[in-house]
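Just so you know, the sequence shown maps onto residues 10 to 192 in my numbering.
One or more of the hints may lead you astray.
[To be verified] Straight-line distance between alpha carbons at most 25 Å, and here's what the computed DSS-like set of lysine-lysine pairs gives:
#	residue 1	residue 2
1	Lys-92	Lys-189
2	Lys-177	Lys-189
3	Lys-151	Lys-82
4	Lys-99	Lys-82
5	Lys-76	Lys-151
6	Lys-133	Lys-151
7	Lys-133	Lys-92
8	Lys-151	Lys-189
9	Lys-76	Lys-189
10	Lys-99	Lys-151
11	Lys-99	Lys-76
12	Lys-92	Lys-82
13	Lys-151	Lys-177
The hints are simulated quantities; they were obtained by calculation from the structure and are not laboratory data.
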Amino acid sequence: MDRRQALKLTSIAVGGSVIGAELFLVGCKNNTVDDVLFSEEVLALLDEIGETILPETERSPGAKAAKIGLFMKDMVTDCYSDKEQPIFMKGIHEVNNTSIDTYSRGFLELNSQERLNLLLQFDKEAQNRNNEETPHFFSMMKQLTILGYFTSEPGATQALRYNPTPGKFIGCIPYKKGDKAWA
10 MDRRQALKLT SIAVGGSVIG AELFLVGCKN NTVDDVLFSE EVLALLDEIG
60 ETILPETERS PGAKAAKIGL FMKDMVTDCY SDKEQPIFMK GIHEVNNTSI
110 DTYSRGFLEL NSQERLNLLL QFDKEAQNRN NEETPHFFSM MKQLTILGYF
160 TSEPGATQAL RYNPTPGKFI GCIPYKKGDK AWA
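Could you build all of it, start to finish, from the sequences and the hints given here?
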């Protein structure tokens with residue numbers, strides 16, 4: 010191979026990799042929901058919504074201990090589609106606006122019973138809309154709360170029975186009524 014041939018092949022390889030990378034990056038897109046939309050106040054609101062759905066008990070911590078607001082933010086910005094993100098974001102505002110309309114106070118200022126009543130109202134709406142193509146925002150919040158809590162360290166180790174892996178496999182363990190489920 011002569012020098013001219015080597016330069017041609019090198020320029021084709023380098024040019025192809027530059028053009029190929031540019032074409033590849035055209036397929037990448039930024040999230041429509043910017044991290045700025047999840048302010049500290051919004052994260053606190055999501056923590057309290059999660060805590061109302063899965064409250065702290067004598068035997069286990071609540072959803073707030075699992076930092077459920079941050080989990081919801083990550084899931085919405087990284088995993089939700091462009092169609093689902095606005096539904097979730099509008100839902101955050103709907104929770105607070107309905108709280109103000111009903112109780113003349115924001116959701117964070119309500120007591121635990123008022124919060125529960127408000128979320129039960131949204132849960133009823135979500136169940137009535139169950140067959141529609143787009144999900145109700147409260148169904149999304151509830152699902153994220155359950156997923157985030159039971160996959161978090163406090164949820165998996167304190168709310169559920171935890172068996173660290175790898176470990177000894179015991180295939181048959183007797184169950185007693187009232188035992189925690191396995192993580």
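Status of the hints after comparison with the structure:
1. Lys-92 / Lys-189: Violated: Lys-92 and Lys-189 sit about 37 Å apart, past 25 Å.
2. Lys-177 / Lys-189: Distance ~19 Å between Lys-177 and Lys-189 Cα, so the pair holds.
3. Lys-151 / Lys-82: Between Lys-151 and Lys-82 the Cα gap is close to 14 Å, so the pair holds against 25 Å.
4. Lys-99 / Lys-82: holds (14 Å)
5. Lys-76 / Lys-151: The given pair, whose Cα atoms are some 14 Å apart, holds under the 25 Å limit.
6. Lys-133 / Lys-151: holds (12 Å)
7. Lys-133 / Lys-92: Satisfied, since the Cα-Cα distance of roughly 23 Å is no more than 25 Å.
8. Lys-151 / Lys-189: Since the Cα atoms of Lys-151 and Lys-189 sit roughly 21 Å apart, the hinted pair holds (cutoff 25 Å).
9. Lys-76 / Lys-189: Since the Cα atoms of Lys-76 and Lys-189 sit roughly 22 Å apart, the hinted pair holds (cutoff 25 Å).
10. Lys-99 / Lys-151: holds (15 Å)
11. Lys-99 / Lys-76: This hinted pair holds, its Cα atoms lying about 21 Å apart.
12. Lys-92 / Lys-82: holds (16 Å)
13. Lys-151 / Lys-177: violated (34 Å)
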